[in-house]
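K.L.:
Got chain E; can you put chain L on it based on the hints?
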Amino acid sequence: NAGVTQTPKFRVLKTGQSMTLLCAQDMNHEYMYWYRQDPGMGLRLIHYSVGEGTTAKGEVPDGYNVSRLKKQNFLLGLESAAPSQTSVYFCASSLRPTIAGKSADTQYFGPGTRLTVL
Amino acid sequence: RKEVEQDPGPFNVPEGATVAFNCTYSNSASQSFFWYRQDCRKEPKLLMSVYSSGNEDGRFTAQLNRASQYISLLIRDSKLSDSATYLCVVDNYGQNFVFGPGTRLSVLP
Chain E
1 NAGVTQTPKF
11 RVLKTGQSMT
21 LLCAQDMNHE
31 YMYWYRQDPG
41 MGLRLIHYSV
51 GEGTTAKGEV
61 PDGYNVSRLK
71 KQNFLLGLES
81 AAPSQTSVYF
91 CASSLRPTIA
101 GKSADTQYFG
111 PGTRLTVL
Chain L
1 RKEVEQDPGP
11 FNVPEGATVA
21 FNCTYSNSAS
31 QSFFWYRQDC
41 RKEPKLLMSV
51 YSSGNEDGRF
61 TAQLNRASQY
71 ISLLIRDSKL
81 SDSATYLCVV
91 DNYGQNFVFG
101 PGTRLSVLP
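Protein sequence lines, in the order shown, are assigned to chains E and L.
Take the first sequence: its position 75, counting from 1, is numbered 75 in my numbering, and each next residue is one higher.
Take the second sequence: its position 64, counting from 1, is numbered 64 in my numbering, and each next residue is one higher.
Source of the hints: derived by calculation from the structure; they are not laboratory data.
Note that the structure is a prediction, hence the values are computed from the model and not measured.
Among the clues, some could well be false.
Covered by chain E, per the in silico footprint, the following chain L stretches (three or more residues, Cβ under 8 Å) [as the list claims (entries may be wrong)]: (1) 54-68; (2) 97-109.
As a list, the in silico DSS-like pairs of lysine-lysine whose alpha-carbon atoms are at most 30 Å apart [what the hints assert, rightly or not]: (3) E:Lys-14 - L:Lys-42; (4) E:Lys-57 - L:Lys-45; (5) L:Lys-2 - E:Lys-70; (6) L:Lys-79 - L:Lys-45; (7) L:Lys-45 - L:Lys-2; (8) L:Lys-45 - E:Lys-71; (9) E:Lys-57 - E:Lys-9; (10) L:Lys-45 - E:Lys-9; (11) L:Lys-79 - L:Lys-42; (12) E:Lys-14 - E:Lys-57; (13) E:Lys-57 - L:Lys-2; (14) E:Lys-57 - L:Lys-79; (15) E:Lys-9 - E:Lys-70; (16) E:Lys-57 - E:Lys-70; (17) L:Lys-42 - L:Lys-2; (18) E:Lys-9 - E:Lys-71; (19) E:Lys-57 - E:Lys-71; (20) L:Lys-42 - E:Lys-9; (21) L:Lys-79 - E:Lys-70; (22) E:Lys-71 - L:Lys-42.
We put the CB at the ideal spot given by N, CA and C, even for glycine.
Chain E on its own, in the form it takes in the complex:
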């Protein structure tokens, strides 16, 4: 059982280049999330998805696009990378955060992608 996997693990881009980060989960989770983590900032939500074919903006969506064509995959795209997007990117998946107003399952994280934009 792989859980949540992310590819690639590391990447260096030049300003203006594009790339796609892939997240895959094998737990049949409905919800998937993309976060970025910067020193002193904690994890900030970029985009998330509540099911196949759906996406929604999080706290810091600008400069990123996402797609959830298959339930098990959640892709994060950078169309024109900027140095401000240098960060560690984490993907996570979960069942519903709450069910009938009560605490439900938590999130499970992938190992992260370290991205540097020069």
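P.N.:
This is chain L only, laid out in the frame that chain E set:
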């Protein structure tokens, strides 16, 4: 006001000490509460969920105070291996999760 606030620390404590962290949240509609642990350059991992009645897992005890909107984590008999950053996490209207900035703990020999 940030949605989830934590004292960033660092908390430097000797082995065997008891240490407590607090976390405050602003969304009174939140229903799910968690403590995560994150080691340096690794992904966050669930430490424990926080229930209204409080819950304990070995040396770790979590408490929730809905009236004051804060969550606490108590670690007894600290081990060197407890050194990490502890993240407080709260659900956001059942749609996603909000993370606190984390509290760094260093357990010293």
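K.L.:
Compare the structure with each hint and give your call.
P.N.:
Against the structure, the hints come out as follows:
Under a criterion of three residues with beta carbons nearer than 8 Å to beta carbons of chain E, the stated coverage of the stretch 54-68 of chain L fails, only 0 such residues being counted. For the stretch 97-109 of chain L, the assignment as covered by chain E holds, since 6 residues bring a beta-carbon within under 8 Å of that chain's beta-carbons and 3 suffice. Restraint check for E:Lys-14 and L:Lys-42: satisfied, since their Cα atoms lie roughly 25 Å apart, inside the 30 Å limit. Annotation: proposed proximity of E:Lys-57 to L:Lys-45 holds, straight-line Cα distance about 24 Å (limit 30 Å).
A threshold of 30 Å between alpha carbons decides the hint, and for L:Lys-2 with E:Lys-70 the separation of about 34 Å lies outside it, so the pair is violated. Proximity of L:Lys-79 to L:Lys-45 is assessed by CA-CA distance (about 18 Å); at most 30 Å being required, the pair is judged to hold. Distance check on the hinted pair: L:Lys-45 and L:Lys-2 sit about 23 Å apart at the alpha-carbon level, within 30 Å; holds. As the CA atoms of L:Lys-45 and E:Lys-71 are separated by approximately 23 Å, the hinted pair is consistent with the 30 Å bound.
A threshold of 30 Å between alpha carbons decides the hint, and for E:Lys-57 with E:Lys-9 the separation of about 24 Å falls inside it, so the pair holds. In summary, the hint linking L:Lys-45 to E:Lys-9 is supported, as the alpha carbons are separated by about 18 Å, within the 30 Å threshold. The straight-line distance between the Cα atoms of L:Lys-79 and L:Lys-42 is roughly 19 Å, inside the 30 Å bound, and the hint therefore holds. Among the hinted pairs, E:Lys-14 with E:Lys-57 is consistent with the structure: their alpha-carbon atoms are about 25 Å apart, no more than 30 Å.
The suggested pairing of E:Lys-57 with L:Lys-2 holds, with an alpha-carbon distance near 18 Å, which does not exceed 30 Å. At roughly 40 Å between alpha-carbon atoms, E:Lys-57 and L:Lys-79 are farther apart than 30 Å, so this suggested pair is violated. Under the criterion of a C-alpha separation no larger than 30 Å, the hint pairing E:Lys-9 with E:Lys-70 is consistent with the structure, at around 21 Å. Of the pairs offered as hints, the one joining E:Lys-57 and E:Lys-70 holds, with about 18 Å between alpha carbons and a cut-off of 30 Å not exceeded.
Note on L:Lys-42 and L:Lys-2: the hinted pairing holds, with a Cα-Cα distance of about 25 Å set against a maximum of 30 Å. With a C-alpha separation of about 22 Å, the suggested pair E:Lys-9 and E:Lys-71 falls inside the 30 Å cut-off, and the hint holds. Our distance criterion of 30 Å between C-alpha atoms is met by E:Lys-57 and E:Lys-71, whose separation comes to about 18 Å. For the proposed pair L:Lys-42 and E:Lys-9, the alpha carbon gap of about 12 Å is at most 30 Å, so the pair holds.
Note on L:Lys-79 and E:Lys-70: the hinted pairing is violated, with a Cα-Cα distance of about 43 Å set against a maximum of 30 Å. A hinted pair counts as satisfied when its Cα atoms are at most 30 Å apart, and E:Lys-71 with L:Lys-42 qualifies at roughly 25 Å.
Of the numbered hints given earlier, the model fails hints 1, 5, 14 and 21; all others are met.
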